[in-house]
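The listed protein sequences derive, respectively, from chains A and B. Position one of the first sequence corresponds to residue 0 (numbering that gives the first Met the number 0), numbered consecutively onward. Position one of the second sequence corresponds to residue 0 (numbering that gives the first Met the number 0), numbered consecutively onward.
FYI, nobody ran anything at the bench for these hints, they're computed from the structure. The beta carbon of each residue, even a glycine, is placed where N, CA and C say it ideally should be. Treat the hints with care, since some could be wrong.
Below, a sample of chain B positions facing chain A; criterion: calculated Cβ distance under 8 Å [unchecked claim]: (1) F129; (2) A195; (3) K197; (4) L280; (5) L314; (6) M317.
List time: in silico BS3-like cross-link candidates among lysine-lysine, alpha-carbon distance up to 30 Å [claimed, not checked]: (7) K266/A x K273/B; (8) K305/B x K18/A; (9) K8/A x K305/B; (10) K305/B x K365/A.
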Amino acid sequence: MTIEFETPKPIAQTQLVLKTVAEEMMRSKSRYFDEHEHEIPWDYMEFMHTAMKAMGAGSLAPKKEKGNGHDGGEQKEKRPSIAYQSLASQIEMLAWGDVGFYLITPGGGLGAAAVAAAGNDAQKEKYLARFSGEKPTLAAMCMTEAGAGSDTSSIRTRAMLDEKTNEWILNGEKIFVTAGDKSFTEYEKLGKGFLVVWASIDPSAGRAGMRSFVVEAGTPGVKIAKLEHKLGIRASDTASISLVDARVPFDAILGSPTVEKTTTGFKGAMATFDATRPLVAASGLGVARAALEFLKEKLAENGVQIRYGLPRQKLSNIEREVIDCEIMLKSAWLLTLKAVWMADNKKSNALESSMSKVKAGDVGTKITQKAVEILGPLGYNREFLLEKWFRDAKITDIYEGTGQINRLVVARQILGYSGAELR
Amino acid sequence: MYSFEPNEEQKMLIETVGKYAINDLRPVAREAEEGKSLPPKLVAKGWELGVLQASIPEAYGGFGDRSAVTGALAGEELAFGNLAGALAVETPNLFALPILLCGSEEQKQEYLPKIVEGNWAPYTSALIEFAFDFDPNALKTTATLKGEEYVITGEKAYVPFAKNAEAMIVYAALDGVTQGFIVPKAAPGLTVENEAEKMMGLNALPTFRVRLDGVKVPLANRLGGASGHDFERILASMRVANAAAALGVSRAAFEYARDYAKEREAFGVKIAQKQAIAFMLAEMGTEIEAMRLLTWEAAWKLDAGKDDAFIEAYLASMGAADMAMMVTDRAVQILGGHGYIREHPVEMWMREGRGFAMFTGFAMV
Ligand SMILES: Cc1cc2nc3c(=O)[nH]c(=O)nc-3n(C[C@H](O)[C@H](O)[C@H](O)COP(=O)(O)OP(=O)(O)OC[C@H]3O[C@@H](n4cnc5c(N)ncnc54)[C@H](O)[C@@H]3O)c2cc1C
């Protein structure tokens with residue numbers, strides 16, 4: 000091991016390609032889809048699917064053979080994987096293009112990440128192969144309910160085993176499901192996706208009874224009840240999903256079908272979050288970078304140079320603000336990179352994952368807010384995308400654990416406290 | 000590749016230096032601060048760890064190659080024990096490293112073996128000036144070429160161990176560009192104040208005002224020889240060192256506050272169980288790690304000779320200074336009234352914490 004910050008060649012090369020994609024396929028359409036919520040950018044989705052297949056990327060879903068530190072299988076690789084580092088870098092660049100678009104990039108997103116983190120080998124095979132199929136395919140993760148957001152342990156969705164048919168019967172209402180519609184509704188242009196639905200198999204067991212289930216697109220009894228209208232990331236659909244006596248096969252359960260005294264079910268969710276939080280952080284930092292670059296560009300056009308190297312006392316206020324934004328952005332990205340590097344190297348990264356998310360949530364919102372503020376009338380105008388990035392960036396501090404919830408996770412790690420000791 | 004783990008050699012260094020920091024520096028920190036001096040034996044012991052010696056190639060009497068990353072790791076570790084002690088141990092770096100990085104062959108031959116093969120000795124450098132808008136790239140101290148000599152005039156402040164310094168590098172503006180000049184102890188026109196500076200913190204580190212009234216040095220004493228040198232390289236190294244020291248002090252304050260919060264009870268629970276305290280700690284821990292990585296990256300870029308290394312070092316130093324203020328302030332806050340009392344070290348760390356905004360020039364890696 001060593002301390003090194005050289006961007007690996009394959010990552011640098013992919014970034015170049017994705018930058019063009021971000022400019023040509025995303026930013027050019029950003030405004031349109033911001034103003035036409037619930038329309039679907041098919042061009043982008045189809046292009047990305049084809050492009051990623053051509054690049055051998057296949058999908059943005061973590062490749063199962065690369066592992067993520069949680070799948071337990073024996074691995075015989077010589078060189079440490081850079082799969083998560085690549086993924087985080089790609090996501091950062093796509094989000095630099097448009098976070099809303101990024102969230103509907105074919106490849107499985109959070110749904111696939113959940114399968115990768117909590118599924119067994121057969122399940123990974125069965126559910127993840129589809130993302131490199133003919134058509135763009137998506138998957139989503141359904142945890143949140145109207146009465147259970149941050150407090151995931153109080154979800155009310157139930158899963159009961161029908162012993163006659165050996166099927167699970169799911170009942171409940173999920174909300175705020177990113178890409179829920181595109182993962183579940185059977186559009187002609189899309190491959191068959193799935194939802195990963197969290198439910199309790201034994202409400203009396205609390206967290207220990209929580210499990211996730213793969214629900215295939217089109218499963219009877221499951222309905223997209225509503226699509227939300229949002230502050231930002233409007234190209235990404237956010238669905239409410241109702242499940243009424245929805246039946247899934249026995250082996251759609253991720254993790255053990257029986258309840259032990261331990262909290263293994265919930266750990267599946269937590270393992271997923273350890274893997275996905277730095278990825279969400281990366282997406283927030285992509286928008287933040289877009290905003291900071293735009294700010295610097297506009298300042299330069301107007302003859303304002305940032306004089307790096309001057310002591311604080313000699314800098315103008317604008318220079319100080321810009322420099323502070325750069326410090327925040329760079330350091331937040333390094334935290335993110337470290338968290339995914341740990342995942343690639345099979346080191347437990349619960350602390351670092353949440354740290355990166357805390358920091359990115361802060362930095363994403365602060366930088367976009369600053370940029371709008373400093374550019375005054377330009378910042379507020381819809382002629383530019385900056386005001387949209389301000390609206391888009393805010394989600395970073397909310398989903399995948401709010402800033403507060405991630406602070407709790409960090410604090411518990413730092414203090415060696417359980418959830419009961421620090422709530 | 001990206002990689003975030005020190006190599007085996009660095010790990011061993013961290014361990015050795017860390018032991019010294021905890022077992023030697025930390026226990027005398029308070030007494031040294033109140034008594035305004037460090038036990039010479041303590042500094043000698045730190046010198047014998049060989050951090051500087053390991054950055055100087057064998058050809059010049061050392062046993063290794065300089066790495067800013069390794070220097071930053073050691074710097075954090077030392078400052079974790081005690082900042083004044085750390086800076087004292089590292090004071091000869093201020094003289095030796097600019098020569099290693101930018102000196103002429105003759106300068107290297109003349110000074111490096113003498114410094115690294117000997118006992119700790121006060122070789123130092125004079126950069127800071129006593130002005131609110133002090134700017135290392137716009138010095139008020141000037142050097143003027145007169146015939147076969149440079150004539151240096153001006154006033155310097157906060158020069159560590161200037162009183163008995165064997166020699167110091169004085170930074171001065173030569174036609175508006177900052178350049179270093181080797182000024183020997185007995186140079187006529189060089190006056191060091193008798194009394195050490197009285198500062199808000201860092202009182203165990205003796206630093207002095209230095210006046211230069213037309214001090215004459217031969218052409219060969221210009222750092223790098225006749226053609227001079229790129230001061231940015233030196234400044235960047237000072238900035239990384241400043242950031243690293245800020246990390247050490249911040250980590251000390253953070254860990255102390257964390258441990259205290261797990262012991263102290265209020266309203267029937269440990270104060271750490273209250274989110275107001277726990278969230279402060281979470282943010283402190285996160286910011287320390289964030290600035291550590293930025294510092295490492297800056298150091299790595301210096302070692303790798305990257306174009307943006309100087310900017311990165313600037314950002315790291317500034318970011319770490321802000322972080323240190325935030326963390327040390329909160330450490331006092333977490334201890335409440337007890338934090339304000341000089342029995343606990345947190346108030347001392349808070350005084351040091353503010354200093355990183357101006358400590359650039361006190362250390363090099
Ligand atoms: C656009 C969008 C996309 C989303 N995508 C998905 C998805 O794909 N899948 C999914 O399952 N969910 C998704 N979510 C849901 C998201 O994860 C939740 O909204 C989030 O976890 C917060 O839950 P909540 O909205 O119920 O807020 P609440 O839990 O009601 O929180 C309200 C406030 O209280 C704070 N708070 C709560 N508990 C504590 C505590 N213990 N200590 C301190 N403060 C606390 C929170 O930080 C917050 O500030 C999405 C949400 C949005 C808006």
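Verification of the supplied hints:
Taking 8 Å as the C-beta cut-off, the interface hint given for F129/B is violated, the closest approach to chain A being about 14 Å. The beta carbon of A195/B is not positioned within 8 Å of any beta carbon in chain A (closest approach about 24 Å), and the interface hint is therefore violated. Given the 8 Å rule on beta carbons, the hint for K197/B is violated: about 22 Å separates it from the nearest Cβ of chain A. Using the Cβ-Cβ criterion of 8 Å, the hint placing L280/B at the interface with chain A is satisfied: the shortest such distance is roughly 6 Å.
For the restraint placing L314/B at the interface with chain A, the shortest Cβ-Cβ distance is roughly 5 Å, inside the 8 Å limit, so the hint holds. At its closest, the beta carbon of M317/B sits 6 Å from a beta carbon of chain A; the interface hint therefore holds under the 8 Å criterion. Pair hint K266/A plus K273/B holds up; C-alpha atoms about 24 Å apart against a cutoff of 30 Å. For the hint pairing K305/B with K18/A, the CA-to-CA distance comes to about 23 Å; that is within 30 Å, so the pair holds.
Proposed proximity of K8/A and K305/B is supported: the alpha carbons are some 16 Å apart, at most 30 Å. Of the supplied pair hints, the one linking K305/B and K365/A holds, its CA atoms being roughly 29 Å apart against a limit of 30 Å.
When held up to the earlier numbered hints, the structure conflicts with 1, 2, 3 and fits the remainder.
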